Structures are given as structure tokens and as C-alpha cells.
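Protein chains: 2
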Amino acid sequence: MSLINETHDPALKSWVEEANRPGSDFPIQNLPFGRYRPIGVDEDFRIGVAIGNQILDLQGADLIDTSDMNALMALDTAARQRLRREISRGLSKGSAQQQTWSKRLIAQDAVEMAVPCRIGDYTDFYTGIHHATSVGKLFRPDQPLMPNYKWVPIGYHGRSSSIRVSGQTFRRPRGQTKAPDAAQPTFGPSRRLDYELELGYFVGGGNALGQPVSIEDAEDHLFGVTLLNDWSARDIQAWEYQPLGPFLSKNFATTVSPWLVTTEALAPFRAALTRPDGDPQPLPYLDGGFNRKAGAFDITLEVLILTERMVESGLPPERLTLGNAGTAAYWTAAQLLTHHTVNGCNLQSGDLLGSGTLSGPAANEAGSLLELTEGGKKPVVLANGEQRTFLEDGDTLILRGWCERPGAVRIGLGEVRGTVLA
Amino acid sequence: MSLINETHDPALKSWVEEANRPGSDFPIQNLPFGRYRPIGVDEDFRIGVAIGNQILDLQGADLIDTSDMNALMALDTAARQRLRREISRGLSKGSAQQQTWSKRLIAQDAVEMAVPCRIGDYTDFYTGIHHATSVGKLFRPDQPLMPNYKWVPIGYHGRSSSIRVSGQTFRRPRGQTKAPDAAQPTFGPSRRLDYELELGYFVGGGNALGQPVSIEDAEDHLFGVTLLNDWSARDIQAWEYQPLGPFLSKNFATTVSPWLVTTEALAPFRAALTRPDGDPQPLPYLDGGFNRKAGAFDITLEVLILTERMVESGLPPERLTLGNAGTAAYWTAAQLLTHHTVNGCNLQSGDLLGSGTLSGPAANEAGSLLELTEGGKKPVVLANGEQRTFLEDGDTLILRGWCERPGAVRIGLGEVRGTVLA
Numbered sequence: 001m002s003l004i005n006e007t008h009d010p011a012l013k014s015w016v017e018e019a020n021r022p023g024s025d026f027p028i029q030n031l032p033f034g035r036y037r038p039i040g041v042d043e044d045f046r047i048g049v050a051i052g053n054q055i056l057d058l059q060g061a062d063l064i065d066t067s068d069m070n071a072l073m074a075l076d077t078a079a080r081q082r083l084r085r086e087i088s089r090g091l092s093k094g095s096a097q098q099q100t101w102s103k104r105l106i107a108q109d110a111v112e113m114a115v116p117c118r119i120g121d122y123t124d125f126y127t128g129i130h131h132a133t134s135v136g137k138l139f140r141p142d143q144p145l146m147p148n149y150k151w152v153p154i155g156y157h158g159r160s161s162s163i164r165v166s167g168q169t170f171r172r173p174r175g176q177t178k179a180p181d182a183a184q185p186t187f188g189p190s191r192r193l194d195y196e197l198e199l200g201y202f203v204g205g206g207n208a209l210g211q212p213v214s215i216e217d218a219e220d221h222l223f224g225v226t227l228l229n230d231w232s233a234r235d236i237q238a239w240e241y242q243p244l245g246p247f248l249s250k251n252f253a254t255t256v257s258p259w260l261v262t263t264e265a266l267a268p269f270r271a272a273l274t275r276p277d278g279d280p281q282p283l284p285y286l287d288g289g290f291n292r293k294a295g296a297f298d299i300t301l302e303v304l305i306l307t308e309r310m311v312e313s314g315l316p317p318e319r320l321t322l323g324n325a326g327t328a329a330y331w332t333a334a335q336l337l338t339h340h341t342v343n344g345c346n347l348q349s350g351d352l353l354g355s356g357t358l359s360g361p362a363a364n365e366a367g368s369l370l371e372l373t374e375g376g377k378k379p380v381v382l383a384n385g386e387q388r389t390f391l392e393d394g395d396t397l398i399l400r401g402w403c404e405r406p407g408a409v410r411i412g413l414g415e416v417r418g419t420v421l422a
Numbered sequence: 001m002s003l004i005n006e007t008h009d010p011a012l013k014s015w016v017e018e019a020n021r022p023g024s025d026f027p028i029q030n031l032p033f034g035r036y037r038p039i040g041v042d043e044d045f046r047i048g049v050a051i052g053n054q055i056l057d058l059q060g061a062d063l064i065d066t067s068d069m070n071a072l073m074a075l076d077t078a079a080r081q082r083l084r085r086e087i088s089r090g091l092s093k094g095s096a097q098q099q100t101w102s103k104r105l106i107a108q109d110a111v112e113m114a115v116p117c118r119i120g121d122y123t124d125f126y127t128g129i130h131h132a133t134s135v136g137k138l139f140r141p142d143q144p145l146m147p148n149y150k151w152v153p154i155g156y157h158g159r160s161s162s163i164r165v166s167g168q169t170f171r172r173p174r175g176q177t178k179a180p181d182a183a184q185p186t187f188g189p190s191r192r193l194d195y196e197l198e199l200g201y202f203v204g205g206g207n208a209l210g211q212p213v214s215i216e217d218a219e220d221h222l223f224g225v226t227l228l229n230d231w232s233a234r235d236i237q238a239w240e241y242q243p244l245g246p247f248l249s250k251n252f253a254t255t256v257s258p259w260l261v262t263t264e265a266l267a268p269f270r271a272a273l274t275r276p277d278g279d280p281q282p283l284p285y286l287d288g289g290f291n292r293k294a295g296a297f298d299i300t301l302e303v304l305i306l307t308e309r310m311v312e313s314g315l316p317p318e319r320l321t322l323g324n325a326g327t328a329a330y331w332t333a334a335q336l337l338t339h340h341t342v343n344g345c346n347l348q349s350g351d352l353l354g355s356g357t358l359s360g361p362a363a364n365e366a367g368s369l370l371e372l373t374e375g376g377k378k379p380v381v382l383a384n385g386e387q388r389t390f391l392e393d394g395d396t397l398i399l400r401g402w403c404e405r406p407g408a409v410r411i412g413l414g415e416v417r418g419t420v421l422a
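Chains as they are written, first to last, in full-length UniProt numbering: chain U, 1 to 422; chain G, 1 to 422.
These aren't lab readings, by the way, just hints derived from the structure by calculation. Be a bit skeptical, because a hint or two may be false.
In silico SDA-like cross-links for lysine to any residue, where the CA-CA straight-line distance does not exceed 25 Å [stated by the list, open to error]:
| hint | chain 1 | residue 1 | chain 2 | residue 2 |
| --- | --- | --- | --- | --- |
| 1 | G | K93 | G | D62 |
| 2 | G | K137 | U | Q143 |
| 3 | U | K137 | G | D62 |
| 4 | U | K293 | U | W402 |
| 5 | U | K150 | G | D62 |
Output of the computed footprint for chain U on chain G, the stretches with three or more beta carbons under 8 Å from beta carbons of chain U [stated by the list, open to error]:
| hint | segment |
| --- | --- |
| 6 | 73-87 |
| 7 | 136-148 |
| 8 | 165-179 |
| 9 | 213-226 |
| 10 | 317-325 |
Quick caveat: nothing in here was measured; it's all calculated off a predicted structure. Ideal Cβ placement from N, Cα and C applies to all residues, glycine included.
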């Protein structure tokens, strides 16, 4: 179980000075894992840890003997915590490793990042109850929230092959759509292209086929989190999704942030998941001590947009949304993992579980344009006068996340950005 | 495009005599690919071709220089056809290779088979229109076939990690179910466990993200087919599937047959896909010359059951279903592949596309117990007096497939079997 230890000590400083700058995403209390290689060099990606504006080469620093992130993720909890302690000590001010490790640093702006691991299977969940309710209203006005929602952590399998790391650009997808009053569908570019603000939960150690993971053990199987943008073509979705769920409306692109922020790093930012009075208690297999007390992640989430015109005018990205993962999600990552395996389904190291769109209860906490514009009816007006109901060609979306609490050092998840091409 | 050539010549015989026995699944006109290793030997799986009751070791026979089936599958059509010709010539009666290759044979009953390739992503479609109609009636009596069915090849992403080869055994899945009249769900073993008779279409060469495959080119991306059993827990499915589709009801086990029967081998068994009068023509992106003329596969499909009591009494498996893939499917494999990529989604070598349950129009052509028993209302009565509404612990299901046509030598897909444990 993740517990607070000396690696979280707010007094801890690094000899990488940029890591000590207040507001840095990557202070020594964070230490997220990613895969990188120098820009323009065609070599295998290496495993590194972000520290300030630098990356420490873990193999170069003799901390690991693999470049296979999935193997590292499969380490048991004790081994992962030992590795974290070792990295933390070596990067601490005054450490004996400074002289050798400082030669194993590379600047973050000198590298290209990869998707952090090999993702065998990707499952997307639907834990954002405010999102499910708002979207449900648009698709099914008579019954926005299905009767199963408060009992079953609803999820579906997504597409692994089209997951890319931050910086992804993709062409606006084409497909079948049908206007409500049309006699038959037509084929063409999606006109209702949207983003979805999600967290990606990454599986550490897997489980064997036929061997469910209990809610008590689930945290041990969670390696860490990234930001995730689940790009969605709403018009394609509306026509295709009955009765087997979303398919081409979602599988053309999914973008993740490059840094796996570990559950160990997130230990100071856990929260109870509270259910509104009158809601059913989870069935026993989804209800357990730690999960009930501290299953949620208190992570602030932000979405920004940068249009082509804003770039031309030299304007900075503009905020669309500011919310919190903990209050948006109806189910915890541990509950998703346990539910996923309760029938015997096997998860493997590196598998990705998407949280679903994490919209908060307030209008400005909505994690998609579908919600912000009430289904395309009320355009968002940007500071430069541009309007958006759905995404236009050239739009860049930026998702950011961070954790802040009294008594803890702020840590960041970095960002994930992606751009729609014509 | 697959064309009939000398490898299909009905007069062709092999020096492996068992391959010339009428009724063999694996005559020299078939030559399916699989991965095998000797039973009880812990070594890497090798690529072989089935011939009669033997397997030819392709690397041992100097025909390929890899043990990576996905790499072999990614060969372009011309290279695949060259390899097929070379194997066919070498295995032909009187060939110069007989002496050396006969040392590279191993008996099929002396090996353990693997899933034929690394399956990155698995997509399950819903092309069986009679299945979709019958099942639709049970889940949605008011609207059995959705308005999109005859326009969109409906599909959803499945789970790759739990796919196993023929011989799979698995525990009856547990999960949430809710009786229609119950106030809340309960947790326990599925009571409505079922099978689904499908074909698995395997992708050969993939496509880059953002680069759709046209219907004219789709056949070049299809490597071959297997049988596929999409085990399904109907009671879990009914409670969980709204609004994002089937999830835990399907992902606990999927079983495929070990032999990839290539589209080249199937060339003599292609058929036109005819749509009933009055049905809409496919949108242009799903409609093309070869696909229209010969997109379907004329494959006979059979399902048999072998219960524990039958085994104890020494009884053989008993037939539940006999049907034909060509008349059961509303969409061709090429249409599925093109549809899957039309939004830019990338397929990779080895990806699996399930056909969906291939039930014919007649009652005894139904590809699942759900249909055979009309939703569990009318039990199937077996010859020994046993009854089945859904699967019982200890039941073994066997799916078989073969192609027969005047003027062509019969070829078989082999079989896929799987057993339910308590």
C-alpha cells in the first residue's frame, strides 16, 4: 500500500536546481518515469526519470538493467519503493551520486518522448458521473443515467494501436453520420469533433487469466497515471454506437502524456471517495478499507485551447476547463481494476485503463466541448472573439494536471497536447 | 487479388500420403500456417504448415528465416503467393525436396499449438444478421435490428489478452447480474453462459495511422481465417452493456483454432454477397468490384457439444448447429477491414477481426444457445436425454469448419474446442 515516507519530505531538495523552483512539475518528490531519446537520433528509447527540466538516464545511472518499461512496471511494490528511494537519495542535495549522475542527465527540451510503455490492451471507463449525466441527456433525454451506472463501473475496450504520446497530430476523421431528420446516412469528415479530459491509469503487475484481483490488492497492481485525451467524433458516435458501443468515433487517435506519475508519488494526494447520500453502497467486491478511505486522487485538471489564429496573433493558450479528478469520478482506479478482473479477465503490465471524461459538477468543470456547448447549441467564445462549438482544423488542445496540498510539495503530471489537421 | 492457380489443382497430390485421404482437413491445396512446439518441450514456438496429419517446419525446410508469424503475415501478396507456390511444389508427389523435407515433418499429435500470431488489437463485429435479429428480439423486443445495421458494419473492440488457442479451459465467470424484477443486482457465477460461432479474420499487412484502406485494396490486407468461439455470459451482458457495449460478459475467454487458412487457399471458395431485395446498397466506400462479386467465404460451419456425462458414457460429440458463413454474414471481411480504417484507424499485422456470430436463417443454423433455446426458454435435448439451456460446468464446445465445392478439393479449418470449468 502506498504510504508517505521520506521521499515525500517537503524539506527535500535536489542538486538539480530547477527541480527546487516552486511550481515545477517535477520536484524531487515526484520522480515520474518516461521513455526518451535525443531529438533526431534514431536509437531505442531509454527509461528516464524527470527531475526539474532534466531527465536522469536510469540505466546510465546503474539503477536498472533494462530499457523495457513494462518489465520495470511489473516489479512488485517493495522493489518499486526501493527503486524510488534510491533515485530520491541519489538526486538529493549533497548526495554522493551527484558527480556521476550529473553526467547521466539530458535536458527535457533536447529529447523526443515515446508512449511510456507497450500498451497491450486499453480499456476506457466512464467514471465521470457528471459527464455521464450530461452526455446521457443529449443521447437519451428520457434516461440520462442508466440504472446500472451506480452499481457497475461501466467500461469498454478501446483501441491500443492508435495511442500516441503528447504532440500527436491527426487528420479529422471521416465516417458515416446521419442527421436526425435524414432518411439515410452520408459519408464525410466529422463535423462534431471533440476532446475528452481523462486520466490514464497504468497497470503495473498483471494477473493470471482466471485469477481476479481483490479490492484489497488492487492498489499494488496500479503503477501510475498520465493525462489522456480521448478524441471523439460525436456525430459518428451517435450513429454507430447502438447496440455495441463507441467504435470508429473513438479509435482514430488517443493521446497520453509522456510521464508516468507513480502511485508512490501520489501518496500525499489521496482522498476518500464519497458517495452522495442515498446512493447505493458498492457491492462487497468493490468495497474495501483503503479504497474507501483514500481511493481517490486529488488531482487538479485543466484544459486549454490554442487555435491557429491565436498562434498567428502570438496569444497564449486559453483555459476551457478547471476541475478535480477526485470530485469528478464516481469510481476509483482500484475499483476499475478489481471490476475488470472479477470475471477472470487478465490484465498485463502496461495495460491502460482510462478514467472516462472527468467533468466536475459546475459548468466550467466540463471535460468536453459536448458538455461546454450543451451539445453544440451554445458556442464557447474565446478572448479573441473566435467561437467554438466543436473543434476546428488547426486547433491544439492541451491537458494539464497537478497536485497541491498543504504540507506537501506540489507535483505535476506535465501535459498532453494534440492538434487536429484538415 | 486471390486467384485460382496451380496450387489449387484438384489433381495435385502430396508425398505426405495422409494429405491425399479424402476428407482430410489439410490436403496440399490448403497449406495453413500455425505455431507449434513438441509437447512437453519448453522451447520457442516455430512456424509450420499443416499437411495431412503432419506439420512441415518452414524454417527447418529453409523456406523462411523467421519464427515471427506476424512478420510472415506482413509479407506483400506477391511474396505470400511465391511462398505458397514453393511450399506446394516441395510437398507435391515426386518433388526433389521430399528427401530433405521429410526430415522436417512432425506429427500433429506430437505438438502443442499456440495462438497463431501476436494479436495486438482484437475487434469483434456483428455481421450475422440473423443472429443480430434474434438476439435483438430478446434484448430489445420493440426494435430487434437497429436502424444503423444495414448501413454500418457494427463492431466493437474486444480483449486481446484473454485469447487462447483451441483446448482452452476456463472457470465460469463471476459478475454482477440483475433479474428483471429485482431491485438491485447480485454477485455470483454466470448462470447464462453461452458460446458464439464465429470466424476470425486475421490482418496481414497493416496500414499507417491516418491512411485508410480502400475496399479495392482490402483483400490484400487479409491474411487468412480461423474459427473463433466468443464465449459470452448473457446475464452479465444484459446488465452491463448499456450504454457502452459488452465488456466483462465477453472478455474472460476467447478461443481460436490454431491454423490460419489463407485467403489464397480459400480462393476457390469465394461467393457473392447478395443483399435481400429492398435493402440499401452499401455506401460507395464499402462497395467494390471484387468484393461485390466474390467477397464472401463459402465455409460450412458446425458446432458440437460434448458433456461430461457423454464423455463418461463414451459418446461422441453431438451436433448443435450446421450452417454456412457466406449466407449468415451481411458484411464481408473486406468491408469490415475497410470500414475499420476509414476514419484513419491503423490495423497492424496479426490483428484479429471477429465476424460476429454466424447464424443462418434456419433454427438449426443458430450459432449460440441463446438463439437455439430462444433465450433459455426451450432447452436443447441431447440424444442421451440431457438438456441444455445454457452451458453447464464440464461442457466442451467444438467448432469445425470446411469448404467443399464441385471441382475443388475439400479443405478444412480444423477445429476449436474449449471447456467450461466450475
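For each hint, the structure was consulted:
For the given pair, K93 (chain G) sits about 19 Å from D62 (chain G) by alpha-carbon distance, which is consistent with the 25 Å threshold. Pair hint K137 (chain G) plus Q143 (chain U) holds up; C-alpha atoms about 21 Å apart against a cutoff of 25 Å. Simply put, K137 (chain U) and D62 (chain G) have alpha-carbon atoms about 62 Å apart, too far for the 25 Å limit, and the pair is violated. Taking the CA atoms of K293 (chain U) and W402 (chain U), the gap is about 21 Å. The hint holds against a cut of 25 Å.
Simply put, K150 (chain U) and D62 (chain G) have alpha-carbon atoms about 59 Å apart, too far for the 25 Å limit, and the pair is violated. Closer than 8 Å: that is the beta-carbon criterion, and the segment 73-87 of chain G has 0 residues meeting it against chain U, so the requirement of 3 is violated. Judged by the Cβ-Cβ criterion of 8 Å, the segment 136-148 of chain G is covered by chain U as claimed, because 5 of its residues qualify and three suffice. Counting residues of the segment 165-179 of chain G whose C-beta lies closer than 8 Å to any C-beta of chain U gives 7; at least three are required, and the coverage claim holds.
For the segment 213-226 of chain G, the proposed coverage by chain U is not satisfied: 0 residues have a C-beta within less than 8 Å of a C-beta in that chain, short of the threshold of three. By the rule of at least three residues with a Cβ nearer than 8 Å to a Cβ of chain U, the coverage given for the segment 317-325 of chain G is violated, with 0 such residues.
This entry does not satisfy hints 3, 5, 6, 9, 10, going by the numbered hints stated previously.
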